[in-house]
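S.K.: Sequence:
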Amino acid sequence: MAAIRVSELATELGITPAELLVSLKDLGEPVSGPTALVDSDVAQTVRELFAEAAGRRTIELPPNATVKDFAELVGVSASEVQKRLMAEGVLASLTLRLSPDVIKRLAALYGVKVEAKKDSVAAAKPATKHRGPGGGPQPRPPVVTIMGHVDHGKTTLLDTIRNTNVVEGEFGGITQHIGAYQVDVEVEGEKRKITFLDTPGHAAFTAMRARGASVTDIVVLIVAADDGVMPQTIEAINHARAAEVPIIVAVNKMDKPGASPDRIKTQLTEHGLVPRDYGGDVECVPISALKGDGIDELLEHILFAADLLELRADPSGGASGVIIEARQEVGRGAVATVLVQQGTLRVGDCVVAGVAYGKVKAMTNERGEKLQKATPGTPVEIIGLSAVPRAGDALEAVKNERAAREKCERRQERQRTERLGAGRRRVSLADFGRDIREGEAKELRLIVKADVQGSAEAIVGALNALPTDEVGLQIIHTGVGTIGENDIMLASSTGGVVLGFNVRADQQAQAAANREHVETRTFQVIYELTEAVERAMKGMLAPVYEEIALGKAEVRATFRTPRGTVIAGCYVTEGKVVRNAEARLRRGREVVYQGKIDSLRHLKDDVREMAQGFECGIVMEGFGDYQVGDFIEAYEVRQVEPS
Numbered sequence: 001m002a003a004i005r006v007s008e009l010a011t012e013l014g015i016t017p018a019e020l021l022v023s024l025k026d027l028g029e030p031v032s033g034p035t036a037l038v039d040s041d042v043a044q045t046v047r048e049l050f051a052e053a054a055g056r057r058t059i060e061l062p063p064n065a066t067v068k069d070f071a072e073l074v075g076v077s078a079s080e081v082q083k084r085l086m087a088e089g090v091l092a093s094l095t096l097r098l099s100p101d102v103i104k105r106l107a108a109l110y111g112v113k114v115e116a117k118k119d120s121v122a123a124a125k126p127a128t129k130h131r132g133p134g135g136g137p138q139p140r141p142p143v144v145t146i147m148g149h150v151d152h153g154k155t156t157l158l159d160t161i162r163n164t165n166v167v168e169g170e171f172g173g174i175t176q177h178i179g180a181y182q183v184d185v186e187v188e189g190e191k192r193k194i195t196f197l198d199t200p201g202h203a204a205f206t207a208m209r210a211r212g213a214s215v216t217d218i219v220v221l222i223v224a225a226d227d228g229v230m231p232q233t234i235e236a237i238n239h240a241r242a243a244e245v246p247i248i249v250a251v252n253k254m255d256k257p258g259a260s261p262d263r264i265k266t267q268l269t270e271h272g273l274v275p276r277d278y279g280g281d282v283e284c285v286p287i288s289a290l291k292g293d294g295i296d297e298l299l300e301h302i303l304f305a306a307d308l309l310e311l312r313a314d315p316s317g318g319a320s321g322v323i324i325e326a327r328q329e330v331g332r333g334a335v336a337t338v339l340v341q342q343g344t345l346r347v348g349d350c351v352v353a354g355v356a357y358g359k360v361k362a363m364t365n366e367r368g369e370k371l372q373k374a375t376p377g378t379p380v381e382i383i384g385l386s387a388v389p390r391a392g393d394a395l396e397a398v399k400n401e402r403a404a405r406e407k408c409e410r411r412q413e414r415q416r417t418e419r420l421g422a423g424r425r426r427v428s429l430a431d432f433g434r435d436i437r438e439g440e441a442k443e444l445r446l447i448v449k450a451d452v453q454g455s456a457e458a459i460v461g462a463l464n465a466l467p468t469d470e471v472g473l474q475i476i477h478t479g480v481g482t483i484g485e486n487d488i489m490l491a492s493s494t495g496g497v498v499l500g501f502n503v504r505a506d507q508q509a510q511a512a513a514n515r516e517h518v519e520t521r522t523f524q525v526i527y528e529l530t531e532a533v534e535r536a537m538k539g540m541l542a543p544v545y546e547e548i549a550l551g552k553a554e555v556r557a558t559f560r561t562p563r564g565t566v567i568a569g570c571y572v573t574e575g576k577v578v579r580n581a582e583a584r585l586r587r588g589r590e591v592v593y594q595g596k597i598d599s600l601r602h603l604k605d606d607v608r609e610m611a612q613g614f615e616c617g618i619v620m621e622g623f624g625d626y627q628v629g630d631f632i633e634a635y636e637v638r639q640v641e642p643s
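Here the sequence shown stands for residues 1 to 643, numbered as in my numbering.
There's no promise every hint is true.
Pair by pair, the computed Cβ-Cβ distance ranges are [said to hold, decoys possible]:
{"#": "1", "residue 1": "G28", "residue 2": "P257", "range": "38 to 46 angstroms"}
{"#": "2", "residue 1": "P257", "residue 2": "Q507", "range": "38 to 46 angstroms"}
{"#": "3", "residue 1": "D262", "residue 2": "K191", "range": "54 to 62 angstroms"}
Calculated from the structure, these hints are not laboratory results. Where a beta carbon is used, it is the ideal one built from N, C-alpha and C, also for glycine.
Go ahead and model the full structure; you've got the sequences and the hints to work with.
M.R.: Here is the structure:
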């Protein structure tokens, strides 16, 4: 008898590939994945064991059964059940309520049949409310992002997946780009859904994470077999790692002369992705996106990884999700692509997304088909929002349009307050040094860009040699060339700092750094770079401030208002004086008072500033003892990079 695939044997036995892999591991016959071949003798042994298990005793588990309940019924210790679950990647306390999927896996491990114990009280009472099939968490489609070098076949792979392996009747292609799409695939006779994100580059992927949106479940890293691991490939690896999601490698262009998958696997190992056949846990699937070879196997691995993640969501209740992309269209207004994550989004729902709100007027999928509702894992395009939200903004359905508007207004007010105040905190080496002194920081994260590869390697070597006994140092990404927007977004999402050696940030990167509050530091000497990092790690890099003189005004008269406020009638002799600026009052050489300029008037008008050669009235905060001949010096304090 010939060997059989894991997925085929699992279908024959009526279990999932994940459950069969566990059983094979227990038998001392570990295999790599659902597409691996099982020897005919081993397959027969498994069949016999499952046939024997079919005749074994049946246990009845009560509703909301716990680990302790299962252990008592099976006749083993609860700690043993915990260990078996831990081996399956499930951390379980004794009182953990077991999900149906976990119960199924435990039953396979212990060779018992499990039936639900009928609740006599519940059986005696008629149901008061029917929740329907959507009640409670249900399995949802995995959300997959394909990343990799620009010329390695990402677009071709996406097109091939869209146009092959789809269920009959679903052909017709994509009529509009909405940034995400869902395909119905049939693998080994089973119909499943997979949602793919079609994000324009790694920066967009990380921008959503920077705003707190955990969207992607699995990353497929595409590498060309004839080209190998390229700088953008390494960048993609670091972005995927930062997202802490499983990575499946698709080795593309296997149909080309010179394709060398072994060379690719060696290169991946050098960057921390160890393939399964090299002793690691990363699946490497050989494919040809152009010819369609290996696509079935890739989809099987995606679904297998999804099974291990046990992805579930509750389709009942109000919808919540995340904005994938959005734009303004003439005649349609704000158009947004939404990935529903919980609940069910319906036409007519009132929603809030970032600082935009509105009622969902229409909903379509990637084929332009009108929908009335969308369940978890489904990407849809909606219209009806008051403004264009940002990618990564959370979307939430609310009770009515008034509630949506009020919630949106509160968010806008909060954002205005943040802009007027400190805003989002900027991550810098100086801040990190302060946090160390205050005992808050534990790890400094860096993105390093250099002019040439040799410089990059020398810098990484020097940084890795720094002592890290009390504070960790993690180099998130290293690259060669100009500091780009991708580097800024990666730093933003990980709370890191960008360091450049003999390189500068381009205009897009500078704009992104200002927008995302990311510090970029550039150096021309490696020693200065490592010294700055070391001082930050030791908490010695204190912030440095400098005083910038704005102007000076002479007090020539004093006035008192009916309410008792004393005003200094002044003449601006140098520069300018500015309302709310820091100021000191000098009487001769002595500084009599230091505070802020609380009020600034010209004739009867409040003004923001007054230039040299003009008269004005000044009130300093908390002070009124002005004398003719005093000088008021206005200045501002700025934080500068320490030298």
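S.K.: Holds or violated: the 54 to 62 angstroms window for the beta-carbon distance between D262 and K191?
M.R.: Violated, at about 35 angstroms.
S.K.: Is the distance from the Cβ of G28 to the Cβ of P257 consistent with 38 to 46 angstroms?
M.R.: 41 angstroms, holds
S.K.: Note whether the CB distance of P257 and Q507 lies within 38 to 46 angstroms or breaks it.
M.R.: 41 angstroms, holds
Of the numbered hints listed earlier, the single one contradicted by the structure is hint 3.
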